Every structure is written in structure tokens, then in C-alpha cells.
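Required output: the full structure, derived from the provided sequences and hints.
Here the protein sequences come in this chain order: A, B and C.
Heads up: the first sequence at position 259 corresponds to 259 in the working numbering, and the numbers run straight through without jumps.
Heads up: the second sequence at position 108 corresponds to 108 in the working numbering, and the numbers run straight through without jumps.
Heads up: the third sequence at position 226 corresponds to 226 in the working numbering, and the numbers run straight through without jumps.
Don't read these hints as lab results, they were simulated from the structure.
The structure displayed is predicted, hence computed values, not measured ones.
Virtual Cβ for every residue (Gly too), placed ideally from N, Cα, C.
Just to be clear, a hint being listed does not mean it is correct.
[What the hints assert, rightly or not] Computed list of chain B residues with no C-beta within reach of chain C, every gap over 10 Å: (1) Glu191; (2) Asp368; (3) Ser507; (4) Arg547; (5) Ala563; (6) Met566.
[Unchecked claim] A partial selection of chain B residues facing chain A, derived with a Cβ cut-off under 7 Å: (7) Phe26; (8) Thr29; (9) Phe30; (10) Leu129; (11) Thr131; (12) Pro132; (13) Gly138; (14) Tyr140; (15) Gly150; (16) Pro151; (17) Ala153; (18) Val227; (19) Ala279.
[Stated by the list, open to error] Covered by chain B, according to a simulated footprint, are these stretches of chain C (three or more residues, beta-carbon under 8 Å): (20) 171 to 177; (21) 193 to 205.
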Amino acid sequence: MNVVARTIAALVASCILAAVSGAALAAPSGKPIRIGSTLALTGPLAATGQVHKIVGEIYVEQLNAKNGLLGRPVEWIVRDDQSKPDLARTLYEQLITVDKVDLVIGPYATGAILSAMGVAQRYDKLLIHHTFGIPNLAKYERQFPTWSLGPEPQNTFPNTVLDALAASPKPPKTIAVVTSKFPSVHFLSLGAREVAKKRGVKEVLFLEWEFGNRDYGPIAARIKEANPDFLWVGAIGLEGNQLIEAMKKLDYMPKEHFYLYPAPGPMVKSPDANYALAGTIFEEHPPFTSNPQAEAFIKVFNERAAKAGLPDTAVDTQAAASYSTWQVLEAAVTATKSLDDKVLAAWLKKNEVGTIQGILRFNGPNNYGDDLMRVKQVQNGRWVVVWPKSVAAPGAKLLVP
Amino acid sequence: MIRTVVALVVVAAALAMVPLAGLPPFYETFLYLVFHWIVLATSWNILSGYSGYLSFGHGAFFGAGVYATATLAAHYEVPFLWTLPVAAAVAAVLSLVIGLVVFRVRRVRGEIFALLTLAVTFVLATIILNTPIDGGPGVYLSAVPLPQIGPNASSTFYLLALALAFATVLIAYLVCGARLGRGLFAIHDDEDVAEVMGVPTYRFKLAAFALSCALAGIAGGIHALFVSYVTVGETFSITVPLSVVLMSILGGTRHWAGPAVGAAVITALMYAFTASDYAIAGKAIVGLVLVLVILFMPRGILGRRRDRTAPAAPHAEPATSRRENEVPSARAEPAVRADAPAILEIFDLAKAFAGVQALSNVTFSVRDGEVLGLLGPNGSGKSTLINVVSGHYRPDAGRILYRGIDVAGAPGHRIARAGIARTYQIPRPFSQMTVRDNVATAAMFGGATLSRSAAEREATRWLEFARLGDKAGALPDELNLHQRKFLELARALAFRPRLVLLDEVLSGLNPSEIDSAVELVRDIRAQGATIVLVEHVMRAVMALCDRIVVLDHGEVIAEGAPAEAMRSPAVVTAYLGAPAHA
Amino acid sequence: MNVPSATLLGQAILSGIFIGALYAVLGLGLSLAWGLLGQINLAHFAFAFLGAYLTYQLATVGGLDPLFTLALIAPAFFALGVAMQWLFTRFRVSPLNSLLVTFGLTVIVETLIQAIWTADFRRLESGYADVRLRIGTLFVPLPELLTLGIAIALSLSVWAVLRYTDVGRSMRAAAEDAPIAAAFGVNERLLAYVLSGVCAMLAGAAGLCLALSQTLAPAQIYAWIGVIFAVVMMGGPGRALGPLAAGIVIGVSEAVTMAVTAPAWAPVVSFTLLILLLLLRPGKT
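Structure follows, in C-alpha cells:
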């Protein structure tokens, strides 16, 4: 089945699911099902942590508005791990051994997820998580990722990006790879170098900086001097913006530039970032919004985010991955009618789940499935998916200035 | 002391039983965090709190331990427990390398040491990030087998951390009462004075630094396996160096258990507000609590409550009935035999400071048992001479034979240990120690190296001798100038010196205080010490000194019995200027 | 190793100077409080960020020119500084304890910022960001130039005041020996309030510079502590020109390293240089 057909199947499946659950007559009743997790509500990771909090709240409300889970109301216990993995570990132990929650889901970001994974493994709990960046470290058999990077993103994703560029008006002949040494970014950039070499794209510059670097001037100057056709930036958070600003100050902007995990809001709002490329699994336009569940979620999220005072209210990778986690959990519980971690894990290994980012499967290495990362581009102040063509916004193309 | 040690053992043993109680493992994990911070804060305090050398680099040594364990366990499959001593060794060696260089440089105190240790953290973090030790992706430790010490993983970490915390707190307690600790406290208040009082400052600082860092290294090693995924960003963040300082200040840096209390309080506080509804507000409350605690308990939770008594009124002692100008009559004193051996011989001593020749060709000797006056106008080099003899400065040339051995240029503490004590013209007591502790510290490092309790008994004795018995528990800044001078004397005496150098001990005193001081100097001489007395007060000089030496512009211009020497033309000219007519 | 062209080297040095100027502006208030008031004021960073957020708010929502917002922020911050000094005087806070007190204040301010502006990123878009000058092949962006100008102006003014005016001399005297200075008629208490207010205003100015060139997030407060402490200690606490000199040294040494070799090594070079300087000539500048 090709991707389009699968998307339609997912669409249909979720419609049926929605109809079936809507058909239930009674509101959820009985002892609440308690789901526990931590999030970075304070500390350096809080900017993204709050997105996940809003998504979780929305989903749990939606669940309880219909039939809950297995007819019972759902209660989400979330604690603040203050962006510290050792605190995350302690809190997951509390959730599991003291609060004795029925199920756990993952926290925000690779470090905390690894801590949670260790705890889940000790207590044989299922762990569905949404923001794990290093697939080859996910070695627990009952962990399931909904950030669909695929088992070898360092190989598959740079290929996706270079495919997109090869199909553009100006396929690049030279590449500069500059990257931060942040763990979940670094290995992908190293993979990009390999992929570029194999595809015959000549590397004219390779630079690494430490995460937390403040001065991007010299790096920008070196990129300008190397003048690559295509600039791959292994950036996370604000690093991409800082580099763009630094290059702009030198009156220089590469025609084709890609940023791995930029903070989406600041980049799309920046007047200098037009035509910047980035990775994503979801954007607020068709075909993603053809799914009515997605559309409804987007609307509620926009409202809630605005109410919470967030400057960015759009749904993108983070919110979508988070929503997918809840979807996967709901699907497994509903299908198996069970809260038993072993049963749920077994079901997930063998089945596919339709989510707002597409169909997820978990039967690959380390429970990873397909690499569903797409390439998006800043076009006129909005993020637009431009590759693969099957999920690109209608009529959108990768633009090269 | 035994009582405290026993109490600690009992507490530790009781805590070790917790895993058997069958509580949910979460509590053990939480307590692991508390113990972890107790170790880090207490170990930091051993150097920085006790000696005042604030280190902003505790994170570097913690991180060295983390990566030592991570590298050995993950890359070389060394069993986890064996990596811990290596972690300690790596951290200790790193600290010794730094200390060997840094503590040698005299000027490195205070902020400079803090900055150096902070810089070391950045350098180490970057090196680890850019070499195969980490290289960027972090080190993954999930595959490292955890030894089965407790019934489950949480208990194992709990017991490991408990053992380390117990050891660390015990070490902090023992150090506090031992010579190392007393010496560190002395260094904290006045390192120069400590050095000339016999504290081997360089060795002690190195020892405290190495001990502190080794403990932090072990804590790092254990923590590496606890988090099981180690990255440079997390390990070398500002959290560790900043937190240990805050925890120690909160609990009280001068108390051995202070940092432990601070660590427990802050960890509990940070944890108390993790329920998501209160996360942000809770954090603000934590900040507020920290502010309030330290404002109302400035010495920390375990710090001594300050006596808010006003400084003592100047000289409340009853005035003697003597008339002002009468010299106290000499008591029957053992006369110094003219052929008594020289205890101190100075040959051709020279010392210059940036072009100013403070001492040149100074040659004289001091006979055993005598009181030698050292006189001269201001700027003649008297204090410099004292400073050189006591080891505060190195001479440029010349020899100083003390009981036949050349001590010129020797470190101050060795000269002190040989039996030379000095006082300061402007008293320099150890300001954070009580009067009794000031004297007891001297007794501990003096000629007869005494244990703590023996030193305290000595201290009481000397305080009585110096008429300061009732001030034993006070802090030096509650004493008036006269009392502080006597404290200087008591401290010098507790040292049991053979040779005492008194630097203008009478300056600033009123006539009846001078009489009292002169009595005391006599008593000191009666104890069997030789005295070199730098002085301006002529009647005291006449009353006390067997001989005098007069300096002018760094040179000896007269030597001999007081009355004659003072009449020599050179001396008159030096003090009063050339005669108007020949 | 990369042999840099003259343009690259020149641009890197410029870049280092600019970041050094930002370090200087951030460090100046901290240095003065440390050297002249005996306070290690961690809250300085929180105040700087508060100033940055206020600049952002006034400029973005209020539509004011960012430079003008400083005129509004400065008096408010002066009052804040005075209030903090009152706290320190009333409780006779020692230098070591000031670290803990100001840390508590920092946490409170950080949570206040997060409560008002959320943890998400805020970026001030101002007209200045697009302007850049050209000197030969080198580019000089306006916001950075403004920061450099502010850093130099503030450092020089403070230096001149401390050196040549009575007020300045009195402050230095009081810092060195308060009782003696008091005996000479120096009103140490009043001076302390004034100085504290001025340091808080300097934090506000630093906030303006931060807002012009950086994206803001509450947790960023802590990201600067390490390097600014290094700048302050290297320049010597209490010396007005210290942070400027030290900031530029650190900034340029790191920038040149980044131009010549792998950027990830930059901190090693700058901090090793720092260590050597301290050991061979402590108390420099």
C-alpha cells in the first residue's frame, strides 16, 4: 500500500473509532485509570515541556468527555522534573511504587526518557514516549517511540533531505556540515556527512561547536568563506536562529540551508529565515489536517496555547508527537481491553496505529518503524512541508531563492 | 568526641536498615539524592568552608569522577565497584596537580582561587567533550551490571550513597577537631599568621583539597551509574558548583554537619514542589525560604548564634596605684650571664623591597635568656627584621643561625616549629575563633604538639596567665586593644617558644596598661624564654632590656647596654637629627 | 588547523570584541557590587533579564524604541537596587551570605518572569537588527555596535566618576576601610544605597543589550553566570575597566580559536589563557 492509501485508511480508521466511542451512551464511570509521567515544567527545557502539558490535558479531557478508557475516567498525574534526568528517575519511581499508577508515559527529551526507561524496565512497565532522539540507545523491549525517526535516522533522514534538494531547481554539489555537539543532534550530523559523501556531494566545511556557545560570528564567517551550495546545520533550540542572525550580519545567507531541530516559533518569525529548511512530522496544513481529529485538535491547541500565554500556538512536531503518544496508548488499551503492560506491549509490537502524523508501526529494531520525518520550509512566514511530495502542502515546492 | 562518632555510627546503621523495611523503592531513591548532595556539599566544605579558599570548581572533580567511572565501566568493562577508587584517585590527582601549582603562588587567595577552579571546570568539560572520552554523544551505561548490594537497584544506590555520606560526614567531623581542621580554620582567618604559628599551610591546603575532591569523585562515579546516561552538558553544568556553595552557607560553613543539613534542606525543598500545579509557584517559595533563612540565621542553620554584645568598654581594670612616671621596680630576676650562649645569630642580613633597601648588613646576636631591645626611628627596618626572622619574608642575603642552624629563607611554619614565636604590632587574632581557640590552636602547633583536649587545657592556663581568663569564650572583636595585645602574648606563649619576638606590644596602650604589659613580659622571661622586644616606649625599654640594638635605615648603628647605647651620638642623631651646632 | 584569510580573522576579532562588550556590560554592575559593596550579587543576572524582558515588552507591545525604554526602566531599577541594599544593610549580610540571599532572589525573579512571559522564547524584533555598517570587507552590525558603545561609555563613565569625583573617591575609600572613611565624614550608608541603585541600573542597561541581540528564555539567566563570573574575577572586582578588558580578552581569544580551528575547543583556549594570566600576573589590569 502506498502512503496515500495508508493515510486514507488511517483517516477512515480514526473516523470509525471516533464514531464508535461517540456512540457510547454513558459518561465514564468507576475507579479512574491513573496515568503518570513527568515533564520539564521549570528549567531550561520548560519552553517545550509546557507544550506537552497542554497536549496531555487536552487529550485527557477529550477522553473523559467521551467514554474515558475502558469506560473509566482517566486521571493524568504529571510532576515537574525541573529538566533534570536524575529527578525524573526519582519521580518515576514515586509514580510507580508509591502512587502506584496504572500506566506511565514518557517525559520530555532524551535524557529524561532514558532515566524513565530505566525505571520502567525495572518494573516491567510499558513506556510510550514522544521525544527520544537517539534510537540506538532505546534498548528496552517495552518502550515505544511515537517520534517516528526510524531506527537509523542518521542514514535515512539526511537521505530524505538530500532527495528533496536533488528534486529542487538547484541540486547542491557542495555541502557544509556545521553542528552542535548536543548528543541527539551530533550523531545525525555525522550521518549527514557520510550520506553526502556517498551521494557525491563534496564537503567543503565541517565544524562542531559545544552546546551553549554564545558567539556564532566566527562560525558564520567561516561558512561564508566556504560558500557551500547547501548548508546542513545540526542545530537544536535557538542555535539555528543564532547562526542565521550571525550570517545575516555578514550580509550572507546560503541559498539552501537546513536546520535539524530548531525551535519552530522563533525561526518562522524571524525575518531572516525565509527559505530555511527543517525537519518535522506534522504541520498545520493538508494533508495532515485532512484528518478531522487532527483538525479538531489543532483548533483546541491553538486556543489553549494562546490562553496560556505562549507566543507560539501552532501544532508541530512536539505537539503532534505528544498527541500521537496518547493516541497510541488509547489504541492499545482499547484494542486489548487491558491495562496489563505485557499485553499492551505485545499488541503494539504486532499492530499498527493510526495517528495524526500517519501510521506508526513498532516492529523494527528497537521498536522503531518507519522514518516519517518530512522536510519543511519557511515560506512567507509560515512553515510548509515541501517533501516528500505525497505529504507536501498542496502546490508547495522546495523554493530556492 | 567519641560520643559524636558513636552517634553517627548508630544513625548510619539505622538508616542502613531502611531497605529491609519494605518501603516503596522511591523513598530510597529520594534519600539517595539527599545523600548524594550531602557528600558533595560536605566534601566541598572541607576545603572551602574550613579554610576560606572558595572553590567554584567542585563540578570539575565531580565530573572527573563521573567520566572515570563511565569510561572504565562502559568502554573497558571494569566492574562498577572497582571504578570508584579509580574515580577518587583521578579526582584527587587532578586536584593535586592544580594545588601543587596554585597554592605555591603566594598571591593566589580568595577570588583568584575561585576563578582558577571555575576555569578548570570549563577546560576539563571542553577537553572531555572533544576527545574520545565523550566526544559528543555521551556515554551510555545501561549495560553496566549493578552489583547486588541491596534487594533492588534503588536499595543498592541508597546503600552506596549512605556509606559514602557517612564516611564523608565522619571525615569532616574528624578533620574539624584534628590538627588539619584547626590549621584550616587558622588559614581561613589569617594565613600569614597561621604560617608563622607553625601551621604547614601549603601541605594542609593540599591535603584538604585532595580529600575534598576525592570524595566528590566517588560521588560522581556512583552518580554516573545512577543516571546511566552521561553527557558533558549535564555533568559540567553550573548546578553542582553553585549548589554546594549554597548548601554549605545555608547549613553553616564552620560546622562539620552544616553542609549536610543544608543539603538535606535544599534537596527536600526542591523536591517538595514537584506536583505540577505548584511547580512554578513552588520554585518561588523555595527562593523565598532561602532568602529568609540566611537573613535571620547569618551563620547558617548550625552556625553559632552571634552574641550581640557591644564591644567591651576600654580598659575596665582597676588602675594601679602607681604614679604615672614611676618605673615598676625590678623584681629579683636571674641575671643573664655575660657568657650565655647565643640563641640567635644574625649575619649580614639584607632585604630590599622594590628598590628600597629595608635591611643591609645587619649583624648582631641574641643571648639565651636575655631580653634584647630592638630600637630605631620609624622606617628603620625593625618590623622587617622581625618578619624576616620569623619567615614571613625571605632575606636577599645573610644568615640567620638559630641554635646553630641556618633558618634564613625557611618556610614560616618550620621556623615556628623550631621554637620562634612572634606577635604583631596591630594584633592579628583569628577573628572567627574564640579567644580560647586562638590560644589552643597555637598550643596545637607549638613546640609540644598537643592533642585537642590538652591544647585547650594549655590555652586556659595561658589565658589565666595573661589575665584573660574571663574572656575565654568571647570572639576577638569583643576585646579592646589592650586585651587583644594580651591575647597576642598568650598565643605566643602557648606556643612554648624558646625565642619570642614582640613587635611593639606596648603601642597604643595607656600608662597603666603599659605597666601591666611590662609585668607580663617579665613573667614571660621568667618562664625561660628569650625575648626580642621591638619598642618605642623608653621607660619600658630601660626597665626590661638587658641590651639593646639600634637600627637606622636598615643598618645597625649601636649595640650594648641600654643607657650607654642611647647616649651614643649616632643614636641621638638618628632620633633627633644632627645637632644644630657641633 | 585552518589558515584564516584576513577577512575571516578580522571578522572573527570583531565578533569577539562584540561578545566581549556584552560580557562587559553584564559584568560591570556585578563587579562594582562585589568590589565596592562586598556583595556577590547573583541577582544581577536576574535583574538583567528582567530588564531585557521589560525592554522586549515595552518595545514590542508598547511600540517604543528599545533605547528609549531604558529611560523608563532605569529609575525603576534604581529603586530596586536601593531596596535590595536596604535589605543587606538591615541584616548586615556578609559577602558569602550575599551569594545565598541573591540566589534566592534570582529564583524568585526567574519564576516571576516565567509566570508573566512563560518559559517560551521571546525575541525582540527591532529596526536596529537590519542595519549594518561596512568597513572594507568587514561588517559591523548596529545592535552589536550599540552594545559596544554602551559598554565603553558606561565603563569609562564609572571609571571617571570613581577616579576623579569626590563621590567616587568616597566610595572607594568606604570600600577599603569603612570606619576610617566614616571618620573622615564619608556617609558610607548613603553611598551604599546610591551604588546599589547604580548597579541595578547597570543591570537594566545590560538587559537592553541582551534584548537587542539575544533570544530570551527564563532559564537563560543561569547560562551566563559562569562566564561573567570569570570576566569579573579576571578584571578584578571593583575595577570599572576590568570587565571591559577581561570580556574582550575572553571574547577575542575564543573567536580567534573558532576561526582557526574546531570551534568546540574555544573555551579551552580562553580559560587556559585565563589560568596562565592569573598565575603569572594575578590582579592584572
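Hint by hint, here is what the structure shows:
no.: 1; hint: Glu191; verdict: 15 Å, holds
no.: 2; hint: Asp368; verdict: 42 Å, holds
no.: 3; hint: Ser507; verdict: 18 Å, holds
no.: 4; hint: Arg547; verdict: 38 Å, holds
no.: 5; hint: Ala563; verdict: 39 Å, holds
no.: 6; hint: Met566; verdict: 35 Å, holds
no.: 7; hint: Phe26; verdict: 4 Å, holds
no.: 8; hint: Thr29; verdict: 5 Å, holds
no.: 9; hint: Phe30; verdict: 6 Å, holds
no.: 10; hint: Leu129; verdict: 6 Å, holds
no.: 11; hint: Thr131; verdict: 12 Å, violated
no.: 12; hint: Pro132; verdict: 13 Å, violated
no.: 13; hint: Gly138; verdict: 5 Å, holds
no.: 14; hint: Tyr140; verdict: 6 Å, holds
no.: 15; hint: Gly150; verdict: 13 Å, violated
no.: 16; hint: Pro151; verdict: 12 Å, violated
no.: 17; hint: Ala153; verdict: 6 Å, holds
no.: 18; hint: Val227; verdict: 5 Å, holds
no.: 19; hint: Ala279; verdict: 4 Å, holds
no.: 20; hint: 171 to 177; verdict: violated (count 0)
no.: 21; hint: 193 to 205; verdict: violated (count 0)
In terms of the numbered hints stated before, the structure departs from hints 11, 12, 15, 16, 20, 21, listed from lowest to highest.
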